[in-house]
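Number of protein chains: 2
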Amino acid sequence: MALKYKLTYFDGKGLAEPIRYILSYMGEEFEDDRFTKEEWPLIKPSTPFGKAPVLSVDGKQLCQSVALTRYLAKKADLVGKDEWEDLHIDMIVDTIGDLRQAIASYYYDPDEESRAAKKEPLLNETIPFYMSKFENIANENNGYLANGRLSWADIYLVALSEYMSSIAGTDLLEPYPTLTSLKEIVWGIPKIKEWIEKRPKTDI
Amino acid sequence: MALKYKLTYFDGKGLAEPIRYILSYMGEEFEDDRFTKEEWPLIKPSTPFGKAPVLSVDGKQLCQSVALTRYLAKKADLVGKDEWEDLHIDMIVDTIGDLRQAIASYYYDPDEESRAAKKEPLLNETIPFYMSKFENIANENNGYLANGRLSWADIYLVALSEYMSSIAGTDLLEPYPTLTSLKEIVWGIPKIKEWIEKRPKTDI
Numbered sequence: 001m002a003l004k005y006k007l008t009y010f011d012g013k014g015l016a017e018p019i020r021y022i023l024s025y026m027g028e029e030f031e032d033d034r035f036t037k038e039e040w041p042l043i044k045p046s047t048p049f050g051k052a053p054v055l056s057v058d059g060k061q062l063c064q065s066v067a068l069t070r071y072l073a074k075k076a077d078l079v080g081k082d083e084w085e086d087l088h089i090d091m092i093v094d095t096i097g098d099l100r101q102a103i104a105s106y107y108y109d110p111d112e113e114s115r116a117a118k119k120e121p122l123l124n125e126t127i128p129f130y131m132s133k134f135e136n137i138a139n140e141n142n143g144y145l146a147n148g149r150l151s152w153a154d155i156y157l158v159a160l161s162e163y164m165s166s167i168a169g170t171d172l173l174e175p176y177p178t179l180t181s182l183k184e185i186v187w188g189i190p191k192i193k194e195w196i197e198k199r200p201k202t203d204i
Numbered sequence: 001m002a003l004k005y006k007l008t009y010f011d012g013k014g015l016a017e018p019i020r021y022i023l024s025y026m027g028e029e030f031e032d033d034r035f036t037k038e039e040w041p042l043i044k045p046s047t048p049f050g051k052a053p054v055l056s057v058d059g060k061q062l063c064q065s066v067a068l069t070r071y072l073a074k075k076a077d078l079v080g081k082d083e084w085e086d087l088h089i090d091m092i093v094d095t096i097g098d099l100r101q102a103i104a105s106y107y108y109d110p111d112e113e114s115r116a117a118k119k120e121p122l123l124n125e126t127i128p129f130y131m132s133k134f135e136n137i138a139n140e141n142n143g144y145l146a147n148g149r150l151s152w153a154d155i156y157l158v159a160l161s162e163y164m165s166s167i168a169g170t171d172l173l174e175p176y177p178t179l180t181s182l183k184e185i186v187w188g189i190p191k192i193k194e195w196i197e198k199r200p201k202t203d204i
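In order, the protein sequence lines correspond to chains A and B.
Position 82 of the first sequence, counted from 1, bears residue number 82 in my numbering, the numbering being contiguous throughout.
Position 133 of the second sequence, counted from 1, bears residue number 133 in my numbering, the numbering being contiguous throughout.
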């Protein structure tokens, strides 16, 4: 019998979007449960560790966006053929996480002065450093981020880059032709294309 | 033929110690390559993404401490029996990562005032929040953090808690009897015991 999925997150792409992409890729129906900022304090204590997204699978609450994406990727056969290939996928995904942290540390900085000071090095050093590394890796891997073929690392980057680009205020993929082609490949997958067309429109 | 491992990191436990524990558990010989703060700027550009630890496997450089630990854990048979069990391990490991980030955000804060302001909520709210959750999970899982038996999540917590306790200035495990027993189980594994006895003595 099919598992019943409910994904609970803010009304935005954010950390939940890679999960939504993979569920869509799998052709899984899922309840796309979105809450407002005002509702979050009421929901927070009921989550496993006070954070979102939460994926409920047949009523059991699970969390950690990367762990959830990897779990679904295994079901979707978007993983490596052995631990060596999986390591190459995980390296990329965790490095995307480092980039996300750097962008978030700028965007969510409550101190105006410190936030302003972070902007220039983020846009001119940190983002180009990571993105050019990813571009080089894709150039050496048949256009993909690991193992020369499509994996959840590619879907993870394309899905999360929507959020990262929004909060950084710059299109992360646009300057890089191979990564732009990768985005077109991922967005061209019929079930993902369908998701992108039907999903709620949000800024971040 | 046996793979040749070289682990490059600062002269400390830090993010490399879980990797050292698992390599030791596996009975693998590895070159424990430690650099000084002064040497790091020279080494940094040669790493895959400007970060350490780096594990060289038969001369190929790999990075991301959690990805590396998971890779070795698969070889060591310290993973789940299916993707559901692996998700439970990954959830714990990534949540330990959130706790580590919170502690690091205090310890490495260059602004004295902001650092001082973070100390009290870290020690009295954040750390007890996470550690009591882990204690409850262990109580419900036969003394382990996932799936009712030893996995790399347990080794990860015990190994990383050495570093986290040092920089937080408080023993993370000591207030929690089940987690303390878990530490004794992990430290009692002969090959890990041997590693702890022979490793270089470092503060963090």
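Because the hints were derived from the structure by calculation, they are not lab data.
Be aware that one or more of the hints could be misleading.
Straight-line C-alpha distance at most 30 Å; calculated DSBU-like pairs for lysine-lysine [stated by the list, open to error]: (1) K119(B) to K133(A); (2) K81(B) to K4(A); (3) K51(A) to K51(B); (4) K51(A) to K119(B).
Here's a subset of chain A near chain B, in silico, CB distances under 8 Å, partners left out [unchecked claim]: (5) K74; (6) D77; (7) T180.
Label-pair distances were calculated between CB atoms; the ranges are [said to hold, decoys possible]: (8) Y108(A) to N142(B): 45 to 51 Å; (9) K44(B) to S105(A): 40 to 46 Å; (10) T170(B) to T170(A): 23 to 29 Å; (11) K201(A) to D171(B): 46 to 52 Å; (12) N142(B) to K51(A): 21 to 27 Å; (13) T202(B) to I167(A): 34 to 40 Å; (14) I167(A) to P177(B): 29 to 35 Å; (15) L3(A) to G59(B): 38 to 44 Å; (16) G148(B) to K4(A): 22 to 28 Å; (17) N124(B) to S105(A): 20 to 26 Å; (18) T170(B) to E140(A): 27 to 33 Å; (19) G59(B) to N139(A): 46 to 52 Å; (20) K119(A) to S46(B): 42 to 48 Å; (21) I167(A) to T47(B): 23 to 29 Å.
Beta carbons: idealized from backbone N, C-alpha and C, even for Gly.
Range agreement (Cβ of K4(A) with Cβ of G148(B), hint 22 to 28 Å): At roughly 25 Å between Cβ atoms, K4(A) and G148(B) fall inside 22 to 28 Å, so the hint holds.
Indicate whether the distance between the beta carbons of T202(B) and I167(A) respects the range 34 to 40 Å. holds (37 Å)
Is 38 to 44 Å respected by the C-beta to C-beta distance linking L3(A) and G59(B)? holds (43 Å)
Satisfaction of the T180(A) interface hint, Cβ to chain B closer than 8 Å: Constraint on T180(A) not satisfied, violated at 21 Å.
Under the criterion of a CB-CB separation shorter than 8 Å, is K74(A) in contact with chain B as hinted? holds (4 Å)
Using the Cβ atoms, figure out if Y108(A) sits within 45 to 51 Å of N142(B). Since Y108(A) and N142(B) have Cβ atoms about 39 Å apart, the given range 45 to 51 Å is violated.
Hint says 40 to 46 Å; check whether the CB-CB distance for K44(B) and S105(A) agrees. For S105(A) against K44(B), whose Cβ atoms are near 20 Å apart, the range 40 to 46 Å is violated.
Is 20 to 26 Å respected by the C-beta to C-beta distance linking N124(B) and S105(A)? holds (24 Å)
Can the suggested window of 21 to 27 Å be confirmed for the beta-carbon pair N142(B) and K51(A)? holds (26 Å)
I want to verify a distance hint. Is the separation of the beta carbons of T170(B) and E140(A) within 27 to 33 Å? violated (45 Å)
30 Å Cα cutoff - pair K119(B), K133(A): Given pair K119(B), K133(A) is violated - Cα atoms ~36 Å apart, limit 30 Å.
Interface hint check: D77(A), Cβ to nearest Cβ on chain B, cutoff 8 Å. Holds or violated? violated (11 Å)
Consistency note: the structure conflicts with the earlier hints numbered 1, 6, 7, 8, 9, 10, 14, 18, 19, 20.
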